[in-house]
Structures are given as structure tokens and as C-alpha cells.
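A.B. asks: Chains as they are written, first to last, in my numbering: chain A, 58 to 383; chain B, 22 to 438.
Hints are supplied without guarantee of correctness; some may be wrong.
Here are a few chain A residues that sit away from chain B, every Cβ distance over 12 Å (derived from the structure) [claimed, not checked]:
no.: 1; residue: 60
no.: 2; residue: 73
no.: 3; residue: 103
no.: 4; residue: 180
no.: 5; residue: 184
no.: 6; residue: 200
no.: 7; residue: 237
no.: 8; residue: 239
no.: 9; residue: 244
no.: 10; residue: 287
no.: 11; residue: 346
Distance windows between CB atoms, simulated [claimed, not checked]:
no.: 12; chain 1: B; residue 1: 410; chain 2: A; residue 2: 247; range: 18 to 26 Å
no.: 13; chain 1: A; residue 1: 310; chain 2: B; residue 2: 408; range: 52 to 60 Å
no.: 14; chain 1: A; residue 1: 78; chain 2: B; residue 2: 180; range: 29 to 37 Å
no.: 15; chain 1: A; residue 1: 220; chain 2: B; residue 2: 180; range: 43 to 51 Å
no.: 16; chain 1: A; residue 1: 280; chain 2: B; residue 2: 411; range: 33 to 41 Å
no.: 17; chain 1: A; residue 1: 104; chain 2: B; residue 2: 150; range: 39 to 47 Å
no.: 18; chain 1: B; residue 1: 335; chain 2: A; residue 2: 361; range: 29 to 37 Å
Everything labelled a hint here was simulated from the structure, so no lab data went into it. Bear in mind the structure is a predicted one, so any value in this text is a computation, not a measurement. Glycine included, each C-beta is placed from N, C-alpha and C at the ideal position.
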Amino acid sequence: MTTMTIAKAINEGLRATLGSNHRSLLMGEDIGALGGVYRVTDGLLAEFGADRVVDTPLAESGIIGTAIGLALRGYLPVCEIQFDGFVFPGFNQITTQLAKMHSRSNGNLTVPVVIRIPYGGGIGSIEHHSESPEALFAHTAGLRIITPSNPHDAYWMIQQAVDCQDPVIVFEPKRRYWLKGEVDTESPGMSEDPFKAHVLREGTDATVVVYGPLVPVALAAANAAAEDGHSVEVIDLRSISPIDFDTVTASVNKTGRLIVAHEAPTFGGIGGEIAARISERAFHSLEAPVIRVGGFHMPYPVAKVEEDYLPDIDRILEALERALSY
Amino acid sequence: MGATHLPATEFDGTGMDDQREAEAEARLGGPAEPMVQLLAPDGTLGTDPVFSEYAQRLDPDKLRGFYADMAKIRRFDVEATALQRQGQLALWVPLTGQEAAQIGSGRASQPQDYIFPTYREHGVALTRNVDLAELLRQFRGISNGGWNPKDTNFHLYTLVLAAQTPHAVGYAMGIQRDQKLAAAAAQADGTAGRPSEPKAAVVVYFGDGASSEGDVHESMVFASSYNAPVVFFCQNNHWAISVPSSVQTRIPLSNRAKGYGFPGIRVDGNDVIAVHAVTEWALERAREGRGPVLIEAFTYRVGAHTTADDPTKYRESAEEGLWRAKDPLDRLEKYLRAAGLADDAFFDQVKADGDELAAYVRKTTHDLETPDIRTAFANTYVEAHPLVAEELAWFEEYSAGFADEAEPADAETGAAH
Ligand SMILES: Cc1ncc(C[n+]2csc(CCOP(=O)(O)OP(=O)(O)O)c2C)c(N)n1
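All chains, full assembly: derive it from the sequences and hints.
C.D. replies: Here's what the structure looks like:
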């Protein structure tokens, strides 16, 4: 067990991958000498050389598109997109090409490309640096989407993403890059399956489902609720596509109430999908409608007001109160 | 800075009207700047300081083969168009007029090279030994691919314009890496210097319309930055559906390569010998590690863009007539006959082979089996996926419900017989 930040854990995970699989390589803008704008790839250029840690031209479609070509040739590219809001020039390649290559080739071709995207707000940044576009990708069949919320997951999930034969997008909660925690580099333990949700805290009155940056917020809300005598179960989804509905269903069958929280706008978001599925799967257990907590239907607002936009402890508690009032 | 300081182009010093005129002329008649041509429309073989050498490598068998390929694929095109008209295909994308560009370039590639087509490269597919009936699967609506690219190194057709161009560059970068890894491995086990795998390169096809897409630009930047062994092969067939090439570019497309720092070359796309020579040159160069080349094959899409298109709405039939006079098959036939390399018997045989191919394609297309939607469930992901499994299970149960209902009905029909 060692203690490290999420950023360092991803760095170590990438180092392990590059060291153990000579066909893996990193590609992205400024990931070499600079180590990425968040320093996630720090030191990897010096260790593995410019053929393995590739500073690419400034072109997202080019990065994803050439990664697809490299994967077709048997390589395992891990692309870094500098910020969430800049993935869109590569959206076409991800959704029309990467996601579909396997199916359109009738299973003959695989393109195990990994795309790392720092996402989410709360860092006081300017336009296009704080977005949560995960639902836009989750809607596309053929992609897998995971998001670690702690260093141990971060260390293992990036390696599992590279090992996966399907294309995987790893949304990295950028405001948690500096969150510290213990990492067992010897064994993933219960993190062995990156597509399985984790029950982080057990409870009996309501379930709160979160992922990525909101995990600590939900845990804090559950603690606050406990002081008021409410027992709240907190689930870290970890995988946004596929979603581990079994774990969520089991929890809701126990608690009877569900709150889903994410930073992305509620409308058309992952929360709606979970609400709908759980209504089908656990209708008779539900004692209240599924309540969603999320961003508003607006472009991510300017940094000075993002506090009002981002779901916080109070917003989750308010949702909890509503759920409990039924 | 005034316009006079702009870099020279062939349009230098011309006013807007003159420029339009030059463009119109380029479309109707010859191109605006010299291009490589070896075989003239009248069937005479010219010379070129660089490329004649490549033409001299072609023995009579190869030249006859070029003709046979072009005739076959044209016959196939006619057959596929007919199949579409008869409702056997949802759509067809005809290639008539572009046979030389495709056969010439396709025959210049080696088996180890990898080819990324757009969606009109049926001639290239022929040169890569793709079963042409399989090629129709996509147009029949029973597959989004239809063949295994690994069998022939001929990738699937791509319908999102230019999306395949970065794939080609990435693949070429992979070839580069393979060579480095092989060299390092040879060094490590002391076998450095032993003959390695044949060197490979990539050819990627796209159109004059697609050349405006950002992906082509990004691909060329990547290809240049990494000196990737890739040949960009643009078939300038003058029309992107109804939009003339003058809307896509104000300079010859081949000139764009200069801006990326690699050679661009315009070749008479209706001259199979020149196309072959230029592509062979570019591929040899790429395999040797000397980087990318852009080839602009100056050609013409004689028919409609697809079977859903009506070219009479946007272009003059006179234009088509001018290009028919430069027909790639006619000019090679003239040459082969004049040089005594082929006689009536040969051309009769080619025709018979074409009819045989057409009959095969017609029969096989009718017989192509519609897949079960379960194959789509199976191929969405490589690894097991709970959502897919859940939806498939639902589908099975749902379908089974109909089977129960269908059974007595079947029995009734059976009884009636
Ligand atoms: C990204 C994208 N935009 C639009 C289309 C629709 N479309 C199909 S073919 C075509 C024209 C293509 O022209 P060109 O690249 O010159 O190739 P050609 O068909 O003439 O061979 C268009 C606009 C498409 N397939 N992809």
C-alpha cells in the first residue's frame, strides 16, 4: 500500500502499462516534455522515449483517427484529450469510427483505443475547461466509459482500459486529480472488474448513486444525513457504460429510494437512464420517484457562479429530503 | 501586404473573371498545370523524364492485364447498376470513367501494403482480390462491411468522408514502428542484417470533395510530422455530388502537398500507365522511408454520383462528352492494337470474362444471405457486455412469443397443402 494522488496513480498505471506491453503508446498534446497540462504523464517521456510518449500535432480528430489506424495495426494507443471541451473535434472519429469499427467489420477488426479525458468543473477555469460530456458518448454503442473516483481505482482502471479489447473512454475527474488515497499496486482487490459499481457506504433509508468528482460530495452528504438519523447508501458507479444496474437495483430493493447525482446537466443525462431502468427493475420497491441532481440546462456557467451550478452536499440533502417525504 | 506578395500560383495576376474562366477551362478541357501523362487519348505513348522508366517495367502481359481489369470492373459497374435498378441493391456508386485511376494505382500496390478506400474504389478492390459479390453486401443492406480486411489488406469502405485518412496515417505509423521493433529485436538476438519482412506502405483514397474535410488536413499534418509511409490518392473526378471541384479548391489539389512539406503530383487519371508509374514511384519511396506523397488523379465521374443522383440537374452533357473522348479503356485498346500486343481474340475474351463475372455477381448477390440481427448483438462489443446481453435476452423472449403463435398457423398452412 502506498499513498498517492489520483494524478500520480494514473501516471503509475500508465508507467506499468508502458513497461509491460511494448505495443502500448501514449499520444496527445503536450504530454511529452511537459507531462501534460495536468502532469499526468510526467516523467514518462524520459523513461520510455518519444516513440512511446508521443507529442502529437494539435489536432483531436487526427489524434483519435491515427490511434484507430495504429490499433488496426496491432498497437494499443492511449490518447489524452487535453480538456473535456476540446474532445468535440474528435467526436466524429470516436462515434462514427472508433465505436463502430468492430461491428461494421462483422467482428473481424478490433480497435482497442483508450481515450483519457479530464472532465468536470470546480476548478475555477474558463470556458470549455469544465464540461461533463459523458452522456454524449454513453449513448453510442461500441464504447465503454469508466471514471475513477479514487487513486486505487485510477491506478488499476487505466491499465484495465488498455487491456480491454473494446475502445474505452476514461473520464478523469480533474478537480480530484490531487485527492490522495491508498493504492495497492500489488492487487486490484475488489476493483478487478472496472465495469462494476462499488457500494462505498451501506445504508437502509435511501441510495445515492454518483461517480467521479461527486463521490466525495455524496459521502459527505451521507455523513451529514446520518447526523439527522438517516441511513444513506452511497454507490460509486465507476462505469458509465455499461452501467452496473444489478448493484443499483439490489441497493434500491433494500432502501426503496434512489437519488442519482452528476455534474452533467440532468436533461438527457445518465441520471435519467438510471431512473428509467430502476423504475422498471425495482418499481415495487420504490417508495418515492427517483430524483435526479445535476447541472442545469445551460452551457457550463462562468467560474464565478459555478458553485451555484455544481451539485453540492446541500443539493443532495435537499433531494434526499424530498425522497424521504413520500 | 498586397495580393502581389502572395505566393505564385497558376492563377497569379488573373482577375476573378479570368480565374473563373481558367477553372471552367480546367474542368472542360485540360488541367491548369502540367500533369504526368504517358498514354495520350489517341493511344500514343509519350515520354516523361522520371516516369517513363516505370512504364518500361510493364511487360505486355501487365498491359493486357490492365485492360482486362478495367473492362471487368466497368462490366461489373454496369451489372451493379442494373441490380440496383431491379431493387436488388439499395444504392450503387458507379465508377465508370475512373477505371484507370483505380486499376493503375491498385496494381502498383504490393500484397503487404494496406489500402484504405472511400466507397467508390471497386476497381481497387478488384486488384486486391476482394470478392466483388461480397463488396455488394453493403449496398444490399446486409452488412456495413462485407469482407474481412485482413484477408486482402483492403479496408472496409468508409461513408463518413475523409474519416479513413487519419486511420491510414496511423496504420502507416504502425508499419514504421513494426520496422523499428523488428530491427531492435534482430539486434537483440544477434540476427541484425537478416532479411526482414517486405517493407510495406499504405494508400488512402479520397475525393476532391473530401479533400475539404478537416480530417484530410490533419492526416497530412500527421503524415508529414512523422514521415509516415502513406500515399494520399485523391481521385479528382470533378464533382462532389453536384458541387464542382472549383468550390473545393482554387489551386490544383496536388499543390496542397507543398504546404505540408511533401511532394504532390498531378497525373492524368485516365491514363492507366501514368497512374501506375506515379503510384509505384510514390509507394517505393514510402516503403524506403522517404515519407508521404499526394497523388491527384485528374479524372472524371462519367455517370451519376450514385444511382440516386441526377447529373443533368447540375452539369452539361457536353462536359461528359469531352471526357468520354479521353476514355481510359479506349486509349489503352488503341495502344495495344497499334503495338500489336492484343488482337480481336483478346478483346473478345475480355468481354466474355466480363460477362462471366457479371453472371457470377448477379447470381451470388441474389443468394447473399441476410444475417440474423443476433450477429449485430454479437459484434457491438468484443468483450461481454451486460446491456447487450440483457437486450438480447429480451429479444429472444419476445421473438419466442411470436414463434408460439406462428406454430399453429404453420400447421394450418401445412394441412392445406
Ligand atoms: C462527412 C460527410 N459529409 C457529407 C456526406 C454526403 N456525401 C456523400 S458523397 C458526397 C460527395 C463526395 O465527393 P468526393 O469526395 O469528390 O467523392 P466522389 O463521390 O466524387 O468520389 C457527399 C457530400 C458524407 N458522406 N460524409
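A.B. asks: Can you give the numbers of the hints that this structure goes against, from lowest to highest?
C.D. replies: Of the numbered hints given earlier, those the structure breaks are 6, 13, 15, 18, listed in rising order.
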